[in-house]
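A.B. asks: One-letter residues, chain by chain:
Number of protein chains: 4
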Amino acid sequence: MFEIRTDLAVEEKESFPGNGGEVTGVSLREWRKAFSRIKLTEVAILDEQGARAMGKPEGVYVTMEAKELSKGDEGYDREVSGELAMQLKRMVKSLRKQKQIPEENLHILAVGLGNPSVTPDALGPQVLGNLRVNRHMQEGGKVIISGIVPGVMAQTGMETAEILKGIIRETGPDLVIAVDALAARSIRRLGTTIQLTNTGIHPGSGVGNHRHSLTRESLGIPVLAIGVPTVVGAAAIVHDTISTLIGTLMSQVETEKMGDFLDQLSPEEQYQLICELLEPEFGALYVTPPDIDQTVKRLSFTISEGIHMAFYPD
Amino acid sequence: MFEIRTDLAVEEKESFPGNGGEVTGVSLREWRKAFSRIKLTEVAILDEQGARAMGKPEGVYVTMEAKELSKGDEGYDREVSGELAMQLKRMVKSLRKQKQIPEENLHILAVGLGNPSVTPDALGPQVLGNLRVNRHMQEGGKVIISGIVPGVMAQTGMETAEILKGIIRETGPDLVIAVDALAARSIRRLGTTIQLTNTGIHPGSGVGNHRHSLTRESLGIPVLAIGVPTVVGAAAIVHDTISTLIGTLMSQVETEKMGDFLDQLSPEEQYQLICELLEPEFGALYVTPPDIDQTVKRLSFTISEGIHMAFYPD
Amino acid sequence: MFEIRTDLAVEEKESFPGNGGEVTGVSLREWRKAFSRIKLTEVAILDEQGARAMGKPEGVYVTMEAKELSKGDEGYDREVSGELAMQLKRMVKSLRKQKQIPEENLHILAVGLGNPSVTPDALGPQVLGNLRVNRHMQEGGKVIISGIVPGVMAQTGMETAEILKGIIRETGPDLVIAVDALAARSIRRLGTTIQLTNTGIHPGSGVGNHRHSLTRESLGIPVLAIGVPTVVGAAAIVHDTISTLIGTLMSQVETEKMGDFLDQLSPEEQYQLICELLEPEFGALYVTPPDIDQTVKRLSFTISEGIHMAFYPD
Amino acid sequence: MFEIRTDLAVEEKESFPGNGGEVTGVSLREWRKAFSRIKLTEVAILDEQGARAMGKPEGVYVTMEAKELSKGDEGYDREVSGELAMQLKRMVKSLRKQKQIPEENLHILAVGLGNPSVTPDALGPQVLGNLRVNRHMQEGGKVIISGIVPGVMAQTGMETAEILKGIIRETGPDLVIAVDALAARSIRRLGTTIQLTNTGIHPGSGVGNHRHSLTRESLGIPVLAIGVPTVVGAAAIVHDTISTLIGTLMSQVETEKMGDFLDQLSPEEQYQLICELLEPEFGALYVTPPDIDQTVKRLSFTISEGIHMAFYPD
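Protein chains in written order, with this note's numbering: chain A, 1 to 314; chain B, 1 to 314; chain C, 1 to 314; chain D, 1 to 314.
Careful: at least some of the hints might be erroneous.
Note that identical chains are pooled: a pair holds if it fits in a single copy or bridges any two copies.
[As the list claims (entries may be wrong)] Subject to a maximum C-alpha distance of 35 angstroms in a straight line, what follows is the list of computed DSBU-like cross-link-like pairs (lysine-lysine):
| no. | residue 1 | residue 2 |
| --- | --- | --- |
| 1 | K93 | K297 |
| 2 | K89 | K297 |
| 3 | K297 | K71 |
| 4 | K39 | K67 |
| 5 | K89 | K99 |
| 6 | K97 | K67 |
| 7 | K71 | K89 |
| 8 | K97 | K39 |
| 9 | K97 | K142 |
| 10 | K93 | K71 |
| 11 | K297 | K39 |
Simulated from the structure, these hints should not be mistaken for laboratory data.
Modelling step: build the complete structure from the supplied sequences, incorporating the hints.
C.D. replies: Here you go:
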């Protein structure tokens, strides 16, 4: 059975009872800088227990929520680029401390995941289209960047992990920064939330399904992942509406029997009931707004600028 | 409130009680040619009563259902092109009989509706990209074709009807053939059904919303419309699943009270309840499969070939 | 016979003897603002005599030369956008003074000329892709902008002038601003010079040939044209090299006879000799650099930003 | 100094005195099948002497000349696809005989070289966009195909050879088939000649410059290369015209002195004189026709169909 998934740790956290109260093994921190219109959230999954509860691997997930993102306000988008640059540098610094990447002459392989021909999946390829790489030039900067758009399995016949492993072995980067379009639960997140994580890319994440994970374990070097939700799974949207309906019925009908029937259903059984209603085809379908082309175009600039600010300070 | 819409007359018909039984003012004909893998349906809306019942204007809607369409079987796709050409010629012949277009030197303006940058909405523009036009050449063929991709209002600031009216007045075509991506109710129709109608394009149809209609009334010349569903409205998919749930609950719960509550709801009230559950944002969202780029690419060839076969016989 | 053409008035002027000395009916003004890295030139063709000499219609041609344009320096590109905005406003002000456009509620139709599928010809369509139009919104700004990408005749079967005339009649703009990729004589101009003129678009200009002109005479409203050279005609490049060779031979050979032969050739005859050497196919061919995609992408932002700055001051 | 290059062995051969007479170490065979509109030429460079003379590595170069290719005649294009399939199978058979690839379960890595954003350089990427790969499916066919569009160094910062070496090591294909846009000498070859060679891709070939070669030596497995000229180097076109001019002058001027001067110049010195006239910037510039988008689109289908016919016989 397909899962009702979200790629955002912050949404996973919110889905816990009490709107994301205490979960053992998971820490949550929220803040907003003075005069900033960007809300920051850091979800840290600290141990195996937290990972099991969240259905996501151990690591740090930083979320930038910016309601006006990619609406056409360039000053605002630039502010978001700056914040992304700050958070990227913080993660890189932390990797340096842990001796996972070298102090000097950092070589980054930027990876644009997704299908350039499918608008909501084209975020990664479009970011790479804007990104300035410098590995082939004698620039002598402190950071060397190379980049690749590996394509999707339907077009290559290969796993993205295979392609990247080969390129990494051949060109020896120290760090992968992967950019991907994500699936969220809530349509309000579409195009307005950037997630940055040090856990890489995991099976089932992204708009198209990447079967293999892209992580330090699979690729041999640390993987930072930058993602923005551009779609909501069709199953998620149906699921959420039905959950609301069941709640409505339970309160509205106010009959013991009705209450009995639905109360007897544990959350797992309710989930089961809903999933039975969902057509199997829903698993692959996604929901996206009609102006997604403008959103992806603007987001791709905001993200490429963020990477430029972090690693090519003038 | 937004409507749970389908652009396919055949789906509208199916939604009537008794799976599309007799409706006054609407005639239905289904057939399949010998050895053909294409199912043909003709829905004719004969009068105002039929139009009101169907929520679509009077006219003829021919549907070609081809389950294997755009899956990569070129012979099959070619068969569909041939059938589309036959149906196009039949409609043109009928327009000639009604003296709506001239006997000789027919000049067709082909129009590719939709946004070329949004994959499921790019069908019309891609068909025009494949189409051979000949108006600017001294070919002396019997049919003259010109073509335009007018763009969408968010990019032009103009109604498509305004752009077309101007071009028609200036270049004097006899007939518009408009190609558009449609919204269906059922995900099984995505990429597998072609609708051809002599009623033109109507408000609310297509993947993006065209506010004004493109019809003989608005443009001054007959408008044939070729459409293929590439999306399902997010609201439709949620609506249908909830309808199933209500049915399930009514039979499963088997309590008088429950039955009472839901039975008391007329179909209109049920619809009302469901619509209240649907978030207003759903109205603009659509559901589409991840391999829509290949589907649209193949469909655009099948349709442009159909037009070539109909009007450029070698 | 094809002509060795340039779309830049400033190059036409330079080609006169004495590197563009005095020409009756043509005035020239060059300036550079303090601290600016942009060189400005204004060629004004004042009367019929000047028009004949220059092979271009009467009017004003402002050239912005910016050697570092579209090389990746965003600050520099922004400076050029600002200068373009200034010059646009100056031309609009002058049209207002001449009562050619209204004082208030100016409605501009922006036109992106060229073929979006051919990289060096895609400048106009890409500018329109970046441009914010507002005619369809109730914004109440002082300037209303609509936009169209009319396509090229090989794709539409229609003259661009026909398409625009129809749209203008239907939507009633006061002014056309047309953006087009130009052909220069010198490869040093590729991507580094912006020409703004109040004379519109003329036959034979642009990368693809527009057969009909887009001018006040043909469209009924004033036409400002913004162009940047992205190609050099193959014939021009051959012609110029051969001219150099003839010069070289005449000085190197230093023989009376040789001198006699070439001296006997008038400039017209020399031109004739060269044109005989050029293959007829050269007429349609153009020369362009391999990184033209990046150049066109960056230029399209610089120009759309210039238009935004001129007409949407925040 | 840049070279006046052609990627076509058949043009290199023609440039020899006597229009490609006997050259030691090079064999030439021309044929045309009955009723076929395709002219076939095989240039075999047999030894080091031939390689030096031709400036191309030892191996077989098969050229299909098809004057009407990609003009819109689908039957003709299909005939060319069939011929390409035949020649591909012949080369694969020969590799099998030489035990360079296995008898069974051949795994091919198809590579689309070039920049997808630059129209004349987009042939390889567009072929890959049409190509059906099957490595990720449990099809059990006799031939397994995977595919990659590696991008160009300006976008990746990596040599194409590095990217491919890594992918080959990781996924273990037996054979590379690389598709690339080529540079020809003659504009008559643009879009009308397909070259198939077993020598791979060499430095300086292709529309963009690939610095490293893609050959059996560099990649470890045999490399078949399919190429079609879509550009002529700007230097080549100037060079050829000036050569004609010098010939004209020598015969026309008919003076001893003039003859003396030019006669004294050896072919090498003449070449030297011409190269001095060519501006250094010419080296990177190319000449291409304005309808190159349609040509590349059609060619990409012809080539992908040829590969399908060769390896996916139904």
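A.B. asks: For which of the previously enumerated hints does the structure constitute a violation, in increasing order of number?
C.D. replies: none
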